[in-house]
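Trainee: Sequence:
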Amino acid sequence: MKPITRDCENLLRKENEELYISKRVLEKKIEELLDLQEQYKSYEVAMTRSLKESDGKVTQLSDSVAFFKSIIPDTRKAIASAEKSIDILENKC
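Mind the numbering: the sequence shown is residues 1 to 93 in our numbering, read in order.
Everything labelled a hint here was simulated from the structure, so no lab data went into it. The structure presented is a predicted model; accordingly, all values stated were derived computationally and were not measured. The beta-carbon is built from N, C-alpha and C at its ideal position, and this holds for glycine as well. Some hints could be false.
[As the list claims (entries may be wrong)] Derived pair list, reagent style DSSO-like, types lysine-lysine, alpha-carbon separation capped at 30 Å:
(1) LYS41 with LYS23
(2) LYS41 with LYS29
(3) LYS41 with LYS52
(4) LYS52 with LYS28
(5) LYS69 with LYS57
(6) LYS14 with LYS2
(7) LYS14 with LYS28
(8) LYS77 with LYS92
(9) LYS69 with LYS84
(10) LYS52 with LYS29
(11) LYS28 with LYS41
(12) LYS29 with LYS14
[Stated by the list, open to error] Here are the simulated distance ranges between beta carbons:
(13) SER70 with GLU90: 29 to 35 Å
(14) GLN39 with GLU15: 32 to 38 Å
(15) GLU18 with TYR40: 28 to 34 Å
(16) VAL58 with GLU18: 53 to 59 Å
(17) GLU38 with ASP63: 34 to 40 Å
(18) GLU9 with ARG49: 58 to 64 Å
All chains should be built: construct the whole structure from the sequences, respecting the hints.
Mentor: Take a look at the structure:
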């Protein structure tokens, strides 16, 4: 094995420094990605909760619409009956 020359040693040091810097940059990017992943999980939980709440509201709204649709015929009958009563009272007066 031949001895390492000064130039070769300097090149290896420089390359080692560059690799160390690259490693630090990658570690920082990994930390940022992990933070983003945590934020995403929080958003996902919030969106899931919001969707469940919205689903409940849609169900309530559908139930309300069904209820109002069911009372429309009775309301029409009541209005018709009230109109007849008004006509009878007007004819008596």
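Trainee: Each hint should be assessed against the structure and marked as holding or not.
Mentor: Status of the hints after comparison with the structure:
1. Straight-line distance between C-alpha atoms of LYS41 and LYS23 comes to about 27 Å, which keeps the hinted pair within the 30 Å bound.
2. Proximity of LYS41 to LYS29 is assessed by CA-CA distance (about 18 Å); at most 30 Å being required, the pair is judged to hold.
3. The hinted pair formed by LYS41 and LYS52 meets the criterion: a straight-line CA distance of about 16 Å does not exceed 30 Å.
4. Distance hint between LYS52 and LYS28 is unfulfilled; the C-alpha atoms sit about 36 Å from each other, more than 30 Å.
5. Straight-line distance between C-alpha atoms of LYS69 and LYS57 comes to about 18 Å, which keeps the hinted pair within the 30 Å bound.
6. Straight-line distance between C-alpha atoms of LYS14 and LYS2 comes to about 21 Å, which keeps the hinted pair within the 30 Å bound.
7. Distance hint between LYS14 and LYS28 is fulfilled; the C-alpha atoms sit about 21 Å from each other, no more than 30 Å.
8. With a CA separation close to 23 Å, the supplied pair LYS77 and LYS92 stays within the 30 Å bound.
9. The straight-line distance between the Cα atoms of LYS69 and LYS84 is roughly 24 Å, inside the 30 Å bound, and the hint therefore holds.
10. Proximity of LYS52 to LYS29 is assessed by CA-CA distance (about 34 Å); at most 30 Å being required, the pair is judged violated.
11. Among the hinted pairs, LYS28 with LYS41 is consistent with the structure: their alpha-carbon atoms are about 20 Å apart, no more than 30 Å.
12. With a CA separation close to 23 Å, the supplied pair LYS29 and LYS14 stays within the 30 Å bound.
13. In this structure, SER70 and GLU90 meet the distance hint of 29 to 35 Å, their C-beta atoms being roughly 32 Å apart.
14. At about 36 Å, the beta-carbon gap between GLN39 and GLU15 stays in the expected band of 32 to 38 Å.
15. Take GLU18 and TYR40: their Cβ atoms lie about 32 Å apart, and the range 28 to 34 Å holds.
16. Our hint of 53 to 59 Å for VAL58 and GLU18 holds, since their Cβ atoms are close to 57 Å apart.
17. A beta carbon spacing of about 38 Å between GLU38 and ASP63 agrees with the range 34 to 40 Å that was offered as a hint.
18. One distance hint, 58 to 64 Å for the beta-carbon pair GLU9 and ARG49, holds here, with the actual separation near 60 Å.
Checked against the numbered hints given earlier, the structure breaks hints 4, 10 and satisfies all the rest.
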